[in-house]
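From first to last, the protein sequence lines stand for chains A and B. Letter 83 of the first sequence, counting from 1, is numbered 83 in the numbering used here, and no numbers are missing. To convert, count from 1 in the second sequence and add 1000; that's the numbering used here.
Hints were generated in silico from the structure; no laboratory data involved. Any given hint might turn out to be false.
[Said to hold, decoys possible] Calculated lysine-lysine pairs in the DSS-like style (CA-CA distance at most 27 Å, straight line):
{"id": "1", "chain 1": "B", "residue 1": "Lys1012", "chain 2": "A", "residue 2": "Lys116"}
{"id": "2", "chain 1": "B", "residue 1": "Lys1129", "chain 2": "B", "residue 2": "Lys1012"}
{"id": "3", "chain 1": "B", "residue 1": "Lys1019", "chain 2": "A", "residue 2": "Lys116"}
{"id": "4", "chain 1": "A", "residue 1": "Lys116", "chain 2": "B", "residue 2": "Lys1129"}
{"id": "5", "chain 1": "A", "residue 1": "Lys230", "chain 2": "A", "residue 2": "Lys116"}
{"id": "6", "chain 1": "B", "residue 1": "Lys1012", "chain 2": "B", "residue 2": "Lys1070"}
{"id": "7", "chain 1": "B", "residue 1": "Lys1153", "chain 2": "B", "residue 2": "Lys1019"}
{"id": "8", "chain 1": "B", "residue 1": "Lys1070", "chain 2": "B", "residue 2": "Lys1019"}
{"id": "9", "chain 1": "B", "residue 1": "Lys1129", "chain 2": "B", "residue 2": "Lys1070"}
{"id": "10", "chain 1": "A", "residue 1": "Lys31", "chain 2": "B", "residue 2": "Lys1070"}
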Amino acid sequence: MTSEQQTTPTGKEASVDVSDEQILAFEQEVKDAEARERPLIGELEPLSALYSEYERGSPVFCEKIKALDREYQGFRRCRGDGNCFFRAFAFAWFESALSGDDTTLERIRQRLTATKQQLLDVGFDWVALEDFYDMTVELLEMVARQRGQTLTEAATLSNELRLGFVSEQGVYSNAAVVHLRMVASAYLRAHADDYLPFLELATSMDQYCAQHVEAFGRESEEIHIIALTKALRSIVNVVYLDGSTANDGRVSVHPFDGTENATDATPAITLLYRPGHYDILYNRTAA
Amino acid sequence: MYARGSGGTALKRLMTEYKELTVNPPDGVCAGPISEDNFFEWEADISSARLTTSHVDTPFEGGVFSAVLKFPRDYPLSPPTMTFTSPMFHPNVYANGEVCISILHPPGDDPHMYESASERWSPVQSVEKILLSVVSMLAEPNDESGANIDACKIWRTDREQFNRRVRDCVRQTLDS
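Hey, can you work out the whole structure from these sequences and the hints?
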């Protein structure tokens, strides 16, 4: 799932004199240019917008998108910059705090402020981390204040939150991404014995975390989702939209439940996964 | 509506790091903004004091090497670049003085596939960690990810000549 850039050893056959380094730089440029065209967090769109992208492509995808459309109200695109899981999570988590009742907001606020101690417990240098933490808290509180002031509609708050995520070149949501990456890393480091056996190529948890979790722009795998949901005691449902025809071609949902007991639950977040990328999915609410 | 514009985060972080480096300077390493008007360009000096405490014998001992660090507006999401302004002959320093070590590259950006296990840039690294990595790089070159091919070759095949070329650089840093 990671986008490790494996260059094929074509250097020998190639007649032009291009170094591996130049090829990698070029590939990265193409990816970056594509990524920049999308906002960090997009507006809520109907699933028909996604359908039109696959219309002329795989019939398996088309059928699955039709099925999703019956069950979900819409989706919100996230920029594919390697941080999409963390940014999508941050957005959906804060959005659930703002659109929920006061208990939900308070719970999420507490989970967020508790992360400071989690990071200190594994010995991270606070000087390097406090800005990211402060800005993440500010991102939530900025919109939480507006929620308190007036009878603002949920959709308006979501849009304010979206502006917070994309404005100033995304400096606030980038901070949230870094902070949540550190939270996931701290969880894995604190539970290294439980998780290291599942990491085939890693020699130590510190090394794995430094390279694959903490690094900005590094794509996420299941272990990132497990770590983050456990650390924040939250629930993430990942809806897989892929070309697989197993399970009668139905969309499969993978739940990641980090709660300790049913009473401390916060609203589940639903993410749409397409190989290599996460977006946010919205249930059809009764309202 | 949000207080910190782009670049503001970087500035605040750089000021914090500068303060920290001034209050608790690591041995033999000294760094700070070239001018108070521009926190995005620093000068760093790496001096012999630190090198002599290294357990490895190195011809770099005794030199005082100056370098310029340039920070991007999105620092610390992206790393700075570091370029020696003193004469330098080293396998991991390009002929133009630019330092090429793993901590100055984020993990995705992988020009040297073989150094995948070494320490990479992430927002929790710092100027201090970079400078300390450069200190160990001077004492222990990594000839598997060479930036200066000449220096690599001579380091591998003719250590005496390598030491001589380095000591020439050291002498020049002391003369200037």
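Proposed proximity, Lys1070 (chain B) with Lys1129 (chain B) (alpha carbon, max 27 Å): At roughly 15 Å apart (the allowed maximum being 27 Å), Lys1070 (chain B) and Lys1129 (chain B) satisfy the hint.
Hint consistency between Lys1070 (chain B) and Lys1019 (chain B) [alpha-carbon to alpha-carbon, up to 27 Å]: holds (18 Å)
Agreement of Lys31 (chain A) and Lys1070 (chain B) with the hint, judged by alpha carbon distance not exceeding 27 Å: Given that 27 Å is the threshold and the Cα spacing comes to 25 Å, the pair holds.
Hint consistency between Lys116 (chain A) and Lys1129 (chain B) [alpha-carbon to alpha-carbon, up to 27 Å]: The given pair, whose Cα atoms are some 23 Å apart, holds under the 27 Å limit.
Hinted pair Lys1129 (chain B) and Lys1012 (chain B), Cα distance within 27 Å: Measuring from Cα to Cα gives roughly 18 Å; hence the hint holds.
27 Å Cα cutoff - pair Lys1153 (chain B), Lys1019 (chain B): violated (41 Å)
Hinted pair Lys230 (chain A) and Lys116 (chain A), Cα distance within 27 Å: Distance of about 15 Å is within 27 Å: holds.
Satisfaction of hint between Lys116 (chain A) and Lys1019 (chain B), Cα-Cα up to 27 Å: Given pair Lys1019 (chain B), Lys116 (chain A) holds - Cα atoms ~23 Å apart, limit 27 Å.
Agreement of Lys1012 (chain B) and Lys116 (chain A) with the hint, judged by alpha carbon distance not exceeding 27 Å: The hint holds at about 20 Å.
Distance restraint between Lys1012 (chain B) and Lys1070 (chain B), which requires alpha-carbon spacing of 27 Å or less: holds (16 Å)
Consistency with the previously given hints fails for number 7 only.
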